[in-house]
Amino acid sequence: MTDTISTALKTGQMFINFGPQHPSTHGVLRIALTVEGEVVVKADPDVGYLHRGMEKLFEARTYSQALILTDRLDYVSAMSNNLAYCLAVERLAGIQAPLRAQYLRVLTAELNRIASHLVFFGTFSVDMGAFTPFLYAFREREMILDLFEMLCGGRLLYSYIRVGGVNADLPAGWTEKCREFITFFKPRLKDYDTLLSFNPIFRDRTVNVGRISASQAISWGLSGPNLRASGPDYDVRKAEPYCVYDKLDFKVPVAQAGDCWNRYYCRMLEMGQSVEIALQCLDALAAADLVPGEIMAKGVPKMLKPPAGAAYAHIEASRGDLGFYAVADGSLNPYRMHVRGPSFLNVAILQEILTGCKIADVVAVLGSLDIVLGEVDR
Amino acid sequence: MTTETIQPLSEPVFNHANGRLLMPDNRYWPSRKWESPWSLPAYRSGAAVLAGLLSGAAAAAWLVGELGPRVTPLYYAAGHYALSLGVPAFLIKIVWTVIKAALLLAVPLVNALFAVWWERKISAHIQSRLGPMYVGRFQGCLQTVADGIKLFLKEDIVPDSADRLVHLLAPVVVVIPAIMVFAPVPFGRELIFADLDIGTVYVFAVGGVSVMGVIMAGWASGNKFSLLGGLRAAAQLVSYELPRTFAVIPVVMLAGTLNISAIAGFQAGYWGGLLPRWFIFYPVVGQVAFIVFLIASVAETNRVPFDIPEAESELVAGFNTEYSGMKFALFFLSEFAYVLLSCLLMAAFFFGGGEPPLPLLGFLPSWAWFLAKTLTLMFCFLWFRWTFPRFRVDRLMDFNWKFLLPVSLLNIAAAGVLIWFIS
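Chain order of the listed sequences is A and B.
In this text, residue positions in the first sequence follow the numbering used here: the first is 1, and each later residue adds one.
In this text, residue positions in the second sequence follow the numbering used here: the first is 1001, and each later residue adds one.
It should be emphasised that the hints constitute simulated quantities derived from the structure, not laboratory data.
Possibly wrong hints are sitting among the right ones.
Below, a list of computed lysine-lysine pairs in the DSSO-like style, where the Cα atoms sit at most 27 Å apart [what the hints assert, rightly or not]:
| # | chain 1 | residue 1 | chain 2 | residue 2 |
| --- | --- | --- | --- | --- |
| 1 | A | Lys56 | A | Lys302 |
| 2 | A | Lys298 | A | Lys247 |
| 3 | A | Lys42 | B | Lys1224 |
| 4 | A | Lys247 | A | Lys186 |
| 5 | A | Lys56 | A | Lys305 |
| 6 | B | Lys1150 | A | Lys190 |
| 7 | A | Lys186 | A | Lys251 |
| 8 | A | Lys358 | A | Lys42 |
| 9 | B | Lys1121 | B | Lys1150 |
| 10 | B | Lys1121 | A | Lys358 |
| 11 | B | Lys1224 | A | Lys358 |
| 12 | A | Lys251 | A | Lys190 |
Just so we're clear, the structure is a prediction, and the values are computed from it rather than from any experiment.
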């Protein structure tokens, strides 16, 4: 083995396998880096290490069985996946979920967005070398997971949102706990800003790093905070409101610069907006016109058999525009189920923006795109 | 022997309304009390324990008194006794040197045992955790001993692609200077291993040798990430050596000596009977020198925000990726040894060494003050580490060459003006 080592001085380029086993790739992403010293000359994201054949698996499940597969796509925000899938199947079968279920869907999806962005905040800070915010973020996320556990028994994979409605109504004491969490969480957002967001070292590492222009972002098909940080003001919740988002009052944070810091800060602001949405949902759920227990559409059969046809539904998930395209052939199983995963499209732009970055920036750019490999590889 | 009863965890509550489990009430949830921790009994009792420990330590230090002036007569008495027994003088000298060397070796070892535990406790409390709580009964105080034993028993893995000899030598090259460097550093009045007149130069010169070990480790591991880490370490440690040394020059100019204990002794006394004559209180020059020295010291010890050579999220663990067991422990040992050294130097150069901060606090011996100042400064190191993100490698160099170095050079000029002004 030792005779392969040459002691001669070399000044050429070096090839580095960044991942799949690397602490900062957030899973099993591999980036084939060619570096000259510390500068990246060429970067090739290589996906597929977590491929489970999800879209094929959908075809071998009935519509209600297939729901559990959606949890395993973007496992950091499983509620959004449940929601997008159920919306697509409901559109296919012509089912309308009751209003209370729709509020519950929005409430849980927004709480899950906060949990998901907290994971982003924590892991991004670890990528930047600050370990403490990570534990703060997970402390808060733990409370959301506790709330979900009370609600549906699951802490990571919920399968809470079902075709035709939701699995269960709010248990006793849940609303108070949720409000307690929100009163605790709101001031923490300011803590995060003082601890990390406006730290000069952090800003130094993220401002003007990995810039994506608006046209680049659109042509690479970015969505979610990654897109909005570059300028385009596109949010499915506003553009094509689903569930009850048209009745809720919230803002969509948009930035112009498109660098790592703006992508990061867009998510921080989104958490604040999600808190507002959750509060409005809690108020609406407490109002008299929504009868507790009315959480399932009437007459949804256990073995759902939608008529032959196709339907597409997309939502604003934590990582962007998540869509499900369902094709039915009139049988119990879907004929085809296509998933438009935002992470998969977001990861593709790496090959363009990583060129010319430092190795330390690779981590920053990758972290700021906030990908989940379960969704990239499916 | 009494058997401990283990409190069972409270059971999840079964919610009959929907047939689900409700988690036990507020076990992990912050309540209103969380907003003001002092209302929590745990905080109050913790503070009481801490105050008790501090006052107990102060009382013990007061009872023990000055150590330095006692050691010298002891040495002469023992020497005379041995001479009267007919032991040759050179043998006495050798035995005495061996004793001193053993004590010198103990400094970084004991320091690492304590500092690792302290770092873990402090980081835990910064991060709303508890840290080690089990080993050694009181707050997991023996956790480091357990970890040390674990590291001793670990298999020593050398990668196939490694250069075996250099891979073996690297931790040795790192750790030997880290021990030697403590020789001219005072731990109190007359409490010093070797009272060198060029102590300051010696410390920086010997401490610089450790860089070689880091580069060797990075190169010999046969791992690209380690190599990058080693190269970064070389660049960073060599560049930060400059402002660090230049920051001390004003102190040397003002004190007029390179002897570290003499510099510490020079700062005895008080202005107006109240403000200590420490170098940190010299207008502008003292503060600038201290801040430059502090920043450069953090960079020299490879700690956050300057932990670029071992940047975990980028280079996995940099130059010590391929080290395991005791070799890894040696790197760890030298890191904490250099942290201690930096804190001792800062205490000696800028905070008056063993001088008490107020005249009426002079009843405590000088080594106690030295220790207290060192530990406080060490807390700052840990505080930085668990608060800041990491610099990027090129910004780090910019910061050094375009900011710290010019500032430290200007500070030398300012020190000249100050000396002219004083005289």
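* If you check each hint against the structure, which ones fail? -> 6 and 10
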